[in-house]
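A.B. asks: Residues per chain are reported as follows:
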Amino acid sequence: MTAVLETRSETRDAPVIVAPVITHGPDDFDADTFGSELDALRDGVLASLGADDAAYIRSVITRQRRLDLAGRLTLMAGVFPPAWLAGVGMLGLAKILENMEIGHNVMHGQWDWMRDPEIHSTTWEWDNVCPAKQWKHTHNHMHHQWTNVSGRDHDIGYGVMRIHPDQPWQPLHLVQPAIFVTLALLFEYGVGLHDTNSSLSGEDKASFLEAAPKLRELLGKIRPQVTKDYVLFPALALPLGFPSVVAAATGAVAANVVRNVWSFAVIFCGHFPDDVSLFAIDEVEGETRGDWYRRQVLGSANFTGGPIMNLLSGNLDYQIEHHLFPDLPSNRYAEIAPRVREICARHGVAYNTGPFARQFGSVVRKVLRLSLPGRLFAR
Amino acid sequence: MVSLLERWTTPLDTDALLSALHPLWGRVLRGIVEGVAPANPSGSAASIRIRPGRGWRPHRPGQFVTVGVDVDGVRHHRCYSLTSLPGRPDGGIEITVQAAPGGVVSNHLVHHARPGDIVQLAPADGEFTLPRVPPARLLFVSGGSGITPLMGMLRWLAARGEAPDTPDVVLLHHAPSADRVLFAAELERLATTLPWVHVEVIQTRRRGGAHLDAGRLSRLCPDWRDRETYVCGPEALLGFAAEHWTAAGRADRLHVERFAPAALSTVPTSTDGTATARFAGSGVDGAADPGTPLLDVAERAGLRPAAGCRVGVCHTCSTRLDAGCVRDLRDGRLVEAGGHIQLCVTAAAGDVILDL
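For the protein sequence lines, the chains are H and V, in the order given. Per numbering that gives the first Met the number 0, the very first residue in the first sequence carries number 0; after that it's consecutive. Per numbering that gives the first Met the number 0, the very first residue in the second sequence carries number 0; after that it's consecutive.
It is possible that part of the hints are untrue.
Among the chain V residues that face chain H by a calculated CB cut under 8 Å, a handful are [claimed, not checked]: (1) Ser2; (2) Arg74; (3) Val312; (4) Ala336.
Simulated from the structure, these hints should not be mistaken for lab results. Quick reminder that beta carbons are idealized off the backbone N, C-alpha and C, glycines included.
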């Protein structure tokens with residue numbers, strides 16, 4: 000099976016025909032059986048959800064909130080370098096937990112089954128400059144439904160990077176190594192601008208005027224976030240002298256950068272490592288549930304790690320399981336992963352996993368190589 | 000003050016942060032279970048002592064409290080009459096729960112509640128209460144767990160001591176058998192120590208036992224017409240009371256309390272065989288058949304609910320199901336009211352009310 004990838008360039012409306020996409024699997028792929036086996040796996044987890052799962056997420060949330068507060072209070076004493084480092088570590092870790100294991104997963108509806116209005120996809124707002132509503136649109140809808148479909152999933156290089164050889168090269172990509180580093184440091188702002196930016200591109204792109212409300216909404220989220228982190232909490236250190244205020248503020252900056260770089264790394268490992276497939280729109284037309292599942296597997300990549308990595312990555316080291324079942328509680332991905340892998344193996348669907356360093360290394364290599372025209376390295 | 004504080008806690012509200020430090024510190028009303036004790040000889044009922052957080056206002060005797068309980072991780076809300084004295088010095092409240100066959104929440108509370116459990120609370124509510132100055136003559140009629148609001152009243156009356164306006168109280172309580180009588184020991188003690196309390200326990204499953212009728216009422220309480228009467232119990236008992244007191248021209252003296260779930264009684268009933276989806280927030284009804292996603296039903300009814308993927312992935316169309324039952328079109332599971340549903344992959348299984 001060979002398909003031609005058709006995509007629209009950012010600047011012109013005419014379709015650009017680019018390189019053919021490699022075959023996505025064996026021709027005798029039995030989508031219906033593949034789909035029903037994965038459905039059965041999902042049903043089994045849903046039926047077994049209970050008090051232990053609820054206790055898990057509540058405990059993570061409670062500890063995260065205490066850690067966040069402890070980190071901010073420790074930063075009050077940030078003029079002492081060990082306190083500054085400890086404060087940055089605690090607050091950075093708290094922000095990582097809030098965004099990844101809690102916020103991202105709650106907003107997916109993973110915990111809606113508990114019927115707790117305080118831990119619910121319709122009410123959650125996260126500690127990130129991106130408004131929850133915009134995140135849920137670009138991420139839950141556009142990215143998860145249309146994973147790695149050119150023109151639909153705006154997460155392919157986030158509209159600013161060439162991350163797959165099938166994406167057409169543009170002069171902008173020459174500077175993408177610099178974009179890569181900048182985006183890592185300021186990732187929450189990239190995430191924040193993503194919905195506005197993607198509404199300005201694609202098939203039914205909006206005008207700047209139409210995108211303005213989204214931008215206003217974003218600014219309405221950035222303002223309280225920045226004020227809290229860089230003004231109000233540091234101001235509490237005022238009785239200890241001005242240097243303490245500065246130390247608390249720089250500590251908050253560092254904690255946000257720590258969170259930005261780590262979440263950037265985890266997310267870039269999800270869909271950009273070697274051997275992750277890209278799809279054309281005409282390939283996914285009329286796809287069945289089994290086809291959709293297969294695209295999620297082929298379009299995602301895991302990385303290996305233990306329980307600590309699971310927690311720190313918000314269980315996105317199980318990106319494949321997350322993409323198959325975005326609304327299953329994340330604490331269950333580890334236990335179903337062997338079953339998913341076994342089902343994929345039987346159906347000849349490639350299951351992409353490897354150590355974090357290898358997966359992230361392959362992303363870095365691609366970012367560098369694809370900044371220049373042409374395809375990947377010769378193999 | 001609170002909104003100023005929330006500039007430090009954003010994007011959380013102060014409640015979220017405070018309740019992470021201690022479950023009762025937030026502004027949302029919660030309670031912590033302090034004790035669970037059997038409330039009848041068979042152990043099929045339990046009195047549960049709860050310490051409410053800040054914001055609890057003392058109830059009036061006979062009122063109920065809505066309790067949110069997590070059972071197997073899923074939150075359920077139920078109303079229970081308060082059986083404790085209002086404004087106890089330790090700040091505690093008590094509900095008495097009888098495990099109903101198949102009752103998810105009642106069985107959990109009676110058999111699995113433990114000290115330290117956190118429950119959600121709503122302020123005390125209800126008009127089934129005694130006036131501040133009690134009437135001179137009272138008749139309490141109850142069946143099963145219907146005795147709980149009356150017990151709240153009786154304990155309050157007893158705690159007032161021998162005041163000059165102490166009323167004369169007759170309690171007619173119905174229970175299937177002796178070991179299922181709630182508060183059995185306490186009722187006996189009250190009846191023997193307080194001259195103004197008369198208790199009759201009617202065992203409905205015993206030989207010769209029966210439910211209340213006109214003859215039995217006249218025999219057990221000949222002056223029932225002259226008593227301010229409070230009735231709580233099964234529908235049959237309430238029906239008899241309403242009919243009998245109205246026929247005697249004494250409906251104004253009758254106060255009744257129903258334990259039936261309030262939400263279900265407001266489901267619109269279909270007349271032509273098709274189910275109705277009521278979109279409560281918009282005041283619109285739509286015809287809902289069992290194969291059509293509720294998102295389509297809403298759109299055909301002229302609504303434009305927020306929606307995204309339309310295949311159950313993105314949760315954009317999550318909407319609270321207030322009454323009725325829906326079927327998940329992906330796996331056939333039935334989902335009951337009380338939580339959110341994804342409109343795009345669920346269809347009405349009978350009449351439903353949606354918060355849309």
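A.B. asks: For every hint, state whether the structure bears it out.
C.D. replies: A quick look at each hint next to the structure:
Checking V/Ser2 against chain H by beta carbon gives a least distance of about 12 Å; that is not within 8 Å, so the hint is violated. Given the 8 Å rule on beta carbons, the hint for V/Arg74 holds: about 4 Å separates it from the nearest Cβ of chain H. Contact between V/Val312 and chain H, as hinted, is supported at the beta carbon level, the nearest pair being about 5 Å apart and thus within 8 Å. Nearest Cβ of chain H to the Cβ of V/Ala336: about 10 Å, over the 8 Å cut. The hint is violated.
The structure is inconsistent with the numbered hints 1 and 4, although it conforms to all the rest.
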